[in-house]
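With the sequences and hints as input, model every part of the structure.
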Amino acid sequence: EVSNTGSYAGEEVVQLYIRDLVGSVTRPVKELKGFQKIQLAPGQSQQVAFDLTEEDLKFYNADLEHVAETGEFIVFVGTNSRDVQEKRFYLKD
Numbered sequence: 409e410v411s412n413t414g415s416y417a418g419e420e421v422v423q424l425y426i427r428d429l430v431g432s433v434t435r436p437v438k439e440l441k442g443f444q445k446i447q448l449a450p451g452q453s454q455q456v457a458f459d460l461t462e463e464d465l466k467f468y469n470a471d472l473e474h475v476a477e478t479g480e481f482i483v484f485v486g487t488n489s490r491d492v493q494e495k496r497f498y499l500k501d
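Residue numbering for the sequence shown follows the working numbering, beginning at 409 and increasing consecutively.
Source of the hints: derived by calculation from the structure; they are not laboratory data. All of these numbers come straight from a predicted model, not from anything done at the bench. A couple of the hints might just be wrong.
Here are the in silico distance ranges between beta carbons for each label pair [stated by the list, open to error]:
id : residue 1 : residue 2 : range
1  : T434      : Q454      : 31 to 39 angstroms
2  : G414      : T434      : 16 to 24 angstroms
3  : R435      : F458      : 14 to 22 angstroms
4  : I482      : P450      : 18 to 26 angstroms
5  : F443      : E477      : 20 to 28 angstroms
6  : E463      : G414      : 34 to 42 angstroms
7  : T478      : T413      : 35 to 43 angstroms
8  : Y416      : E480      : 19 to 27 angstroms
9  : A457      : I482      : 13 to 21 angstroms
We put the beta carbon where it would ideally sit given N, CA and C, even for glycine.
Structural data, given as structure tokens:
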């Protein structure tokens with residue numbers, strides 16, 4: 409949930425990142441997978457939801473195959489890449 413605690417209307421960009429903890433190929437620490445720009449009136453709060461699919465977890469491996477590997481991931485959501493909330497999840501066969 410994002411809140412506007414100010415006295416003026418404003419905009420915020422909520423960003424979604426993932427991190428693959430045990431991939432066969434070294435990948436960025438945080439990969440941007442989605443974002444939403446929202447407008448908030450003074451005092452307004454709004455929930456923001458993202459759909460994260462197996463396709464979002466795919467990358468090109470050493471054989472140039474577009475794959476999603478099983479393993480542990482972290483999903484980060486926040487208004488920038490440093491100020492985030494995080495949760496871990498597992499992709500299984």
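What are the numbers of the hints the structure violates, in ascending order? Numbers 2, 4, 8 - these are the hints that the structure violates, sorted from lowest upward.
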